[in-house]
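Add chain V to chain U, keeping to what the hints say.
Each chain, written out:
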Amino acid sequence: MTTATVPAPSRLEAGAPRRGLAGRIVDRLGSGVVQVVMVVLGLFWLVPTLGLLVVSLRTTQVNNAEGWWTVFTKPAELTIQNYANLLGSGFTASFWNTVLITVPTTILVIGIAAMAGYAFAWMDFPGRDTTFLVVVGLLIVPIQIALIPVASLYGGAGIFGTIPGVVLFHVAFGLPFAIFLLRNFFVGIPASLLEAARMDGASEWKIFAQVVFPLGKPAIASLGIFQFLWVWNDMLIALVFADTGNQPMTKYLQSQMRQFGSNVDILSSGAFMSLVIPLVLFFAFQRYFVQGMMAGSVK
Amino acid sequence: MTERLDGRQAPPADAAGGPSTGPAAPPSKKSRLGPSPAVAIAFLLPAALLLGIWVVYPIVYSLFRSLFDATGQGFVGLGNYATIFTDSGMLTTIRNNLIWVVVAPIVVTTLGLIFAVLTERIRWATAFKLIVFMPMAVSLMAAGVIFRLVYEENPDRGVANAILTTVHDTFSSAQGYPEARPREGDQSQVADQNGAVVTKQPAQAGQPVLIPIVGVRPEFMPSDAQPARAPAAGDGLAGTVWFDFTPGGGGVNGAVDGSERGLPGMTVEAVGSGGEVAATATTAEDGTFQFEGLPAGSYTVRLPQSNFEASYGGLTWLGPTLITPAIIGAFVWVWAGFAMVLIAAGLAAIPRDALEAARIDGASEWQVFRKITVPLLSPVLLVVFVTMIINTLKVFDLVFIIAPASVQPQANVVALEMWRVSFGGGGNQGLGSALAIFLLILVLPFMIMNIRRFRRGDS
Numbered sequence: 001m002t003t004a005t006v007p008a009p010s011r012l013e014a015g016a017p018r019r020g021l022a023g024r025i026v027d028r029l030g031s032g033v034v035q036v037v038m039v040v041l042g043l044f045w046l047v048p049t050l051g052l053l054v055v056s057l058r059t060t061q062v063n064n065a066e067g068w069w070t071v072f073t074k075p076a077e078l079t080i081q082n083y084a085n086l087l088g089s090g091f092t093a094s095f096w097n098t099v100l101i102t103v104p105t106t107i108l109v110i111g112i113a114a115m116a117g118y119a120f121a122w123m124d125f126p127g128r129d130t131t132f133l134v135v136v137g138l139l140i141v142p143i144q145i146a147l148i149p150v151a152s153l154y155g156g157a158g159i160f161g162t163i164p165g166v167v168l169f170h171v172a173f174g175l176p177f178a179i180f181l182l183r184n185f186f187v188g189i190p191a192s193l194l195e196a197a198r199m200d201g202a203s204e205w206k207i208f209a210q211v212v213f214p215l216g217k218p219a220i221a222s223l224g225i226f227q228f229l230w231v232w233n234d235m236l237i238a239l240v241f242a243d244t245g246n247q248p249m250t251k252y253l254q255s256q257m258r259q260f261g262s263n264v265d266i267l268s269s270g271a272f273m274s275l276v277i278p279l280v281l282f283f284a285f286q287r288y289f290v291q292g293m294m295a296g297s298v299k
Numbered sequence: 001m002t003e004r005l006d007g008r009q010a011p012p013a014d015a016a017g018g019p020s021t022g023p024a025a026p027p028s029k030k031s032r033l034g035p036s037p038a039v040a041i042a043f044l045l046p047a048a049l050l051l052g053i054w055v056v057y058p059i060v061y062s063l064f065r066s067l068f069d070a071t072g073q074g075f076v077g078l079g080n081y082a083t084i085f086t087d088s089g090m091l092t093t094i095r096n097n098l099i100w101v102v103v104a105p106i107v108v109t110t111l112g113l114i115f116a117v118l119t120e121r122i123r124w125a126t127a128f129k130l131i132v133f134m135p136m137a138v139s140l141m142a143a144g145v146i147f148r149l150v151y152e153e154n155p156d157r158g159v160a161n162a163i164l165t166t167v168h169d170t171f172s173s174a175q176g177y178p179e180a181r182p183r184e185g186d187q188s189q190v191a192d193q194n195g196a197v198v199t200k201q202p203a204q205a206g207q208p209v210l211i212p213i214v215g216v217r218p219e220f221m222p223s224d225a226q227p228a229r230a231p232a233a234g235d236g237l238a239g240t241v242w243f244d245f246t247p248g249g250g251g252v253n254g255a256v257d258g259s260e261r262g263l264p265g266m267t268v269e270a271v272g273s274g275g276e277v278a279a280t281a282t283t284a285e286d287g288t289f290q291f292e293g294l295p296a297g298s299y300t301v302r303l304p305q306s307n308f309e310a311s312y313g314g315l316t317w318l319g320p321t322l323i324t325p326a327i328i329g330a331f332v333w334v335w336a337g338f339a340m341v342l343i344a345a346g347l348a349a350i351p352r353d354a355l356e357a358a359r360i361d362g363a364s365e366w367q368v369f370r371k372i373t374v375p376l377l378s379p380v381l382l383v384v385f386v387t388m389i390i391n392t393l394k395v396f397d398l399v400f401i402i403a404p405a406s407v408q409p410q411a412n413v414v415a416l417e418m419w420r421v422s423f424g425g426g427g428n429q430g431l432g433s434a435l436a437i438f439l440l441i442l443v444l445p446f447m448i449m450n451i452r453r454f455r456r457g458d459s
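Protein chains in written order, with the working numbering: chain U, 1 to 299; chain V, 1 to 459.
Excised from the complex, chain U in its bound form (with noise of 0.2 Å):
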């Protein structure tokens, strides 16, 4: 700011009304290229999903005869025969169980997170920090690597195929990322409010549920919206560790894919009926989503 005192104002008054006319031309035309260029891009990322949602309102015959843009033209050929076809199919009994793996998945990751989190912020214990630091570290292992041995581990347990198993292995991989979230949030609350509790001798699990969770509320919602995302879109686990009668959707349709062609008609209604509940969570909660999203990304 100092050093531009000198020869500023002489630039300003000198550069100022030709900037003003000639600047808010450029201005002008420059926003109208970029009012253009953005409604393009915007239709870029909306019309492959539009796609997905007019063909799975289509017969196969006619997806196969015309484009689905020929909707605008045609709209009588609309139907919803091919969700109607869903019900009678595999198709929601795989809805139901990627409920079943979705929702205690979440559950325990918020609560196991918790727990670890706050010890990870508020308690001392021998090897706390190095502990952590091998928390990070393990964010972004890929899952591959336990895929072979957890699978021999419930050859053993007797668990392979079931939703147990598929939960307990999200449950382990989300944990990282939960606990993370959560012990960043939580060193924030204030050490008086803890102290002051300590002091008139709550028990730890007492603080625990009746100060902290209550107060991580906003973190937790974050991370509850992503796991559920995480979990319920998950493909390789499942294809992995659920055998076909616990199948979540996302391995059902999977399994219909070979013949794309003839089965169009189940696999973009099923692929639509499995993104409408992200969707309705992503619109409802995206103040959350982005939240976790970007408290998750190690800065």
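Worth flagging that the hints you see were computed from the coordinates, not collected in a lab.
Keep in mind that a hint or two might mislead.
Claimed, not checked - Over the 10 Å line for every Cβ pair with chain V, so calculated as not near, a few chain U residues: (1) 49; (2) 76; (3) 79; (4) 89; (5) 90; (6) 103; (7) 122; (8) 156.
To be verified - Quick partial rundown of chain U residues pointing at chain V, CB under 10 Å, derived from the structure: (9) 45; (10) 126; (11) 145; (12) 245; (13) 250.
Unchecked claim - Not close to chain U: a few residues of chain V, all C-beta gaps over 12 Å, as computed: (14) 47; (15) 53; (16) 184; (17) 306; (18) 380; (19) 451.
Ideal placement from N, C-alpha and C gives every residue a C-beta, glycine not left out.
Just chain V, lined up with the frame of chain U:
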């Protein structure tokens, strides 16, 4: 400088809307009435058990397992790792991963930056951000189905090729007349020559050149074709290309009859005696053409073969050549929103004064962007870039779903190959473990980077 993680600084969780009552009071040892370590261990136990059994133990197990063969009995040393770097299918896989790692993070980060900057200049920024960010909530499986539909090869079904062919046809006037051929025979003025149509006799200026064509399929007949017209004998080399077929019969072969239609959009060449193309013209709606600025002399008139090729049908997105770029396109679609939101947050944190001061000093928008915005954003850009590298290394679902079974060998990536080898019919868990360790080694530098950065930021 201790390595305590007490969070003397504002922790990253501040971004998550943490208690914002100023900087958090550092919990120091003295003022703390901490519980005994036994209580701490009780709180940590469930997490420690899960992480130990499901994450840490498997790393050790995989390391050992990768040294054994498919049966798990025969020790092969580093043999599985040697396979990764010698087997030709594996090398394709590694090459693909290399393409992914080099291309995808750059494209995603650049697009995210462009989006973040441009959204500041539109009023409907929130709507735009929601649209671009939305794919983040969608499963990669569903994204895969979405892009299988986008990339369908038939331009009447796949929207990618529909756009390409529309753009192509808008800019290229050349019309395709597949299967059309010259009217052959002794009486005919023209003949077929290696797929092109040429006049049998050299043509001169002043004599109209007649080029009768037959076998034009109705679906390729342009709707704007007008009744053919023989050019008046005048100056310059001119002529007519027309569909020498009178609907309902009648008409004289080789002559322009009233009800016959011209063939618009044909490329016509005047070929000199040496075989060189002296001039090029395109037929009008009534099939007539005229060469401009052609020196006097005699020329052979030729319709090159390109006139008789099928019209442009777009690209084979899901074929062996384009499959990896096509899937990277889907990946960019999924992740650009993530980059945009993170970078936009970084952008919002840049002090406006710095930008304004530079503008007042006469810096152009581009200079401000290059010299101030980007350097100030570099920490965020790095976070996005590194996150994308890690994501590309782990990419699995998109390749598995978008690449048709027959093209999967050409689209293969390490994460997918690991699954295929161990569970998807390969039956070789030794090699699978080696691939998993290979993947872990690839992300190891970023793991160390995360730890270092965290220590720096938090102590």
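Regarding the hint that residue 245 of chain U lies at the interface with chain V, is the smallest CB-CB distance below 10 Å? Not OK, violated: residue 245 of chain U not within 10 Å of chain V, min 18 Å.
Minimum Cβ-Cβ distance from residue 79 of chain U to chain V exceeds 10 Å: Holds, since 18 Å exceeds 10 Å.
Quick check for students: does the CB of residue 76 of chain U sit more than 10 Å from each CB in chain V? holds (19 Å)
Is the nearest CB of chain U more than 12 Å from the CB of residue 184 of chain V? Residue 184 of chain V is indeed farther than 12 Å from all Cβ atoms of chain U, at 37 Å.
Quick check for students: does the CB of residue 156 of chain U sit more than 10 Å from each CB in chain V? Check passes; 12 Å lies beyond 10 Å.
Distance rule for residue 103 of chain U, whose beta carbon must clear each one in chain V by more than 10 Å: holds (17 Å)
For residue 90 of chain U, is the shortest beta carbon distance to chain V beyond 10 Å? The claim stands: residue 90 of chain U keeps its Cβ more than 10 Å from every Cβ of chain V (closest is about 16 Å).
Residue 47 of chain V and chain U, when compared Cβ to Cβ, separated by more than 12 Å: At roughly 4 Å from the nearest Cβ of chain U, residue 47 of chain V sits no farther out than 12 Å, so the non-interface label is violated.
Would the non-interface assignment of residue 89 of chain U survive a Cβ cutoff of 10 Å against chain V? holds (16 Å)
Taking C-beta pairs only, is residue 380 of chain V more than 12 Å away from all of chain U? violated (8 Å)
Please confirm whether residue 306 of chain V is truly not at the interface, meaning its C-beta sits more than 12 Å away from all C-beta atoms of chain U. holds (27 Å)
Just double-check residue 122 of chain U for me: nearest Cβ-Cβ distance to chain V has to come out over 10 Å. The claim is violated: residue 122 of chain U sits with its nearest Cβ about 6 Å from chain V, within 10 Å.
When each numbered hint is compared with the structure, violations occur for hints 1, 7, 12, 14, 15, 18 and 19.
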